[in-house]
Amino acid sequence: MEKTGAEILVECLEREGVDLLFGIPGGVNLPFFDKLYDSKIRVILTRHEQGATHMADGYARATGKVGVCTATSGPGATNLITGLATAHMDSIPIVAITGRVRSDSIGSDAFQEADATGCTRPVTKHNYLVKDVKILAQVVREAFHVARSGRPGPVHIDVPVDIQRAKTEFVYPEKIHIRSYSPTIKGHPLQIKKAAELIRESERPLLYVGGGTILSGASPEVRKLAEKANIPVATTLMANGALPYDHPLYLGPLGMHGKYATNTAMQKCDLMISCGARFDDRVTGKLSAFSPNSKKIHFDIDPANIGKSVRVDVPVVGDLKTVLKELVEEIPSQNHEKWIRQIQEWEQQHPFSYKQNEKDDFVKPQYVIQELHRITKGEAIVTTGVGQHQMWAMQWYPCRFPRHFLTSGGLGTMGYGFPSAIGAKLAFPDKQVVCIDGDGSFQMTMSEMATAIHEKVKVIVIVINNYYLGMVRQWQELFYQQRFSASCLTVEGGRRSKENEPDPRKLKYIPDFVKFADAYGALGMRITRKEEVVPALEKALESKSPVILDVIIHPEEKVFPMVPAGAGLDDLIVDMA
Amino acid sequence: MKEKMGEPRHTISILVENKFGVLARVASLFSARGFNIDSLAVGETEDPTVSRMTIVVKGDERVLEQVEKQLNKLIDVIKLCDYVETPHLERDLALIKVKADKNDRSELLQIVDIFRAKIVDVSDNSVIIEVTGDEDKIEALIRMLASFGIQEMSRTGIVAMARGGKTLTL
Ligand SMILES: Cc1ncc(C[n+]2csc(CCOP(=O)(O)OP(=O)(O)O)c2C)c(N)n1
Ligand SMILES: [Mg+2]
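If you read the protein sequences in the order shown, they are chains A and B. The numbering of the first sequence is our numbering, which starts it at 1 and goes up by one. The numbering of the second sequence is our numbering, which starts it at 1 and goes up by one.
It should be emphasised that the hints constitute simulated quantities derived from the structure, not laboratory data. Every residue gets a Cβ at the ideal spot worked out from N, C-alpha and C, and that includes glycine. Honestly, I wouldn't trust all of these hints.
With the Cβ distance kept under 10 Å, some of the chain A side facing chain B (calculated, not the full set) [said to hold, decoys possible]:
(1) G118
(2) E142
(3) R151
The task is simple: from the sequences and hints, build the whole structure.
If you want it as structure tokens, here you go:
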């Protein structure tokens, strides 16, 4: 049957099982939007294209399915860049569809023309400019396949407006084959044997579990391996929830703001088993001092990750879930009681901790998150912005399930939290979805409150409000002689120092987040005292409409422990005291 | 492995889909990851759907490993061959415009002869020399021509092929 490009786009999306699409229309994607009008795909009109990408991303992280977003040409397309880069760094499957100016005016500086594929090339796994309607169905098919297979990632399809209108005979390509693309799924049997041998010989093994575990759906296999060979498990920021937080072999997070015991175990282990982790500098610290005496096994689906920053003894390329299934068969039951007891001792020396109310009677951010964890049993979907609050969320909201902690790890994108929470909530309307945000991060995408209200998406935003770009302030305090250059978010702003700091009790906060909530028809509550925390959380969880909890904390609050940038994991600062 | 300025230099050929934007993908990969390209040559192959790029790149072992892995990761890259351990031919073609009046020509002719190059254009006070060869040969000729005064030079970049029966095809 003859179909237009726009009809083909919509039909291909439907056949891929797309139920939600996030985006904003404009001149050159109007044919596409017109066909969406008759489709059963739910279109979520966002307030900014960045919001659309993060919503698609949040949807993808929470479900494991491909998230889809769309924008017009020029400014619409360039507004996608941050979200695509965020997804690219964390290997999240997204398909972004943009309209492009008419084929015959490409390159003429036409109205709202930008070289969109040129812009997205470095921040996507792959991209397409469709110059012929005959290949459109094939391209959409390929795009979804590329996005979700191998090491997943975002894919961009740019479709000129005349191609959306052009007609062709529509044949759905049932099969796809890309001759230049076939990710390795099965691990090499010999390499798996070698890995098993190292595990058998090890006395102090450690599982170093990263975001790839979540992406591969390999949590059950990691757990089996850990239990059978009695191996403690450390997670990166991206792998929060890979093992239930109360599992006896779970140690907690690694890295710059990770646990003392976990980082020490990393330094002292004799065998590191890296599962879908990529030796990010926020985990390793100074490379030359990173886990110096361990043999290293590295499981990764991306061969380019192997040996990129750390030399490993046994690399195994393949899908983690597939590989671990085979590995578990190769290893005997083991017991590492002595090693585990040693780690427990380290844990007792320096657990995550905070002192209540050392400074006036300000609410402690850790306490708020701890209470949220208690009330929701660690089972809510939590998203974050980037900064101190993100690290507190990692430390105090260890998840029970995978795909429940959505955070921008690789790119560190402020503004990710709120829209990704909306995406996740749309995927799981019956779950509690809570965005633990910073006052700075929230302001980057808070215009999406309109989307949340409009679409009746109930998410809770807990703004950890220190009226500062807190993580910037923390670095300025520790490494820049307390010269708070452009990090204060109050009216006083500008150049602050310890001496001319505004009094937090007499401040004029900008904006007033409670009034902001009110303006949109959301529920806003301000929390300034400890006793208010639990009742407010309970009220928020019961609310039917979106909620903003504006939690006023003291700006001097810092994230500890901390490995200063460039230092080794042994140089962990446990506390300032 | 040829040593130049201390860092190993590899000649890599890749077969890529003959599609719009592939050259930009390869070039932007190099700039994004900070790899140093010495030369890059692109052309068609015996199969019209496939183009061949030959890239000369410098870097230590780890950098080169990354270069190859990252190239292989590009969806449009079909096959890759690093010639570092393969007996192979390398050829570069250069057009060199040299200042030369009547008095210089006989000496120039001798040099051109020795290098099995060709004079392909002559004017009152300049000639264009065409030379094909590996990099060493071309560099040597350039050194010889320097004293005459090189006015302009244009090179194709290196292309390579394995000796004997070994082929880089689909
Ligand atoms: C888009 C973007 N711009 C700048 C930064 C650099 N940055 C990292 S953390 C941070 C401060 C975040 O402030 P806030 O959201 O209030 O969180 P807090 O650290 O105060 O908890 C900044 C500016 C970033 N990560 N992302
Ligand atoms: Mg802040």
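Here is how each hint holds up against the structure:
1. G118: Nearest chain B Cβ about 7 Å off; hint holds.
2. E142: holds (9 Å)
3. R151: holds (8 Å)
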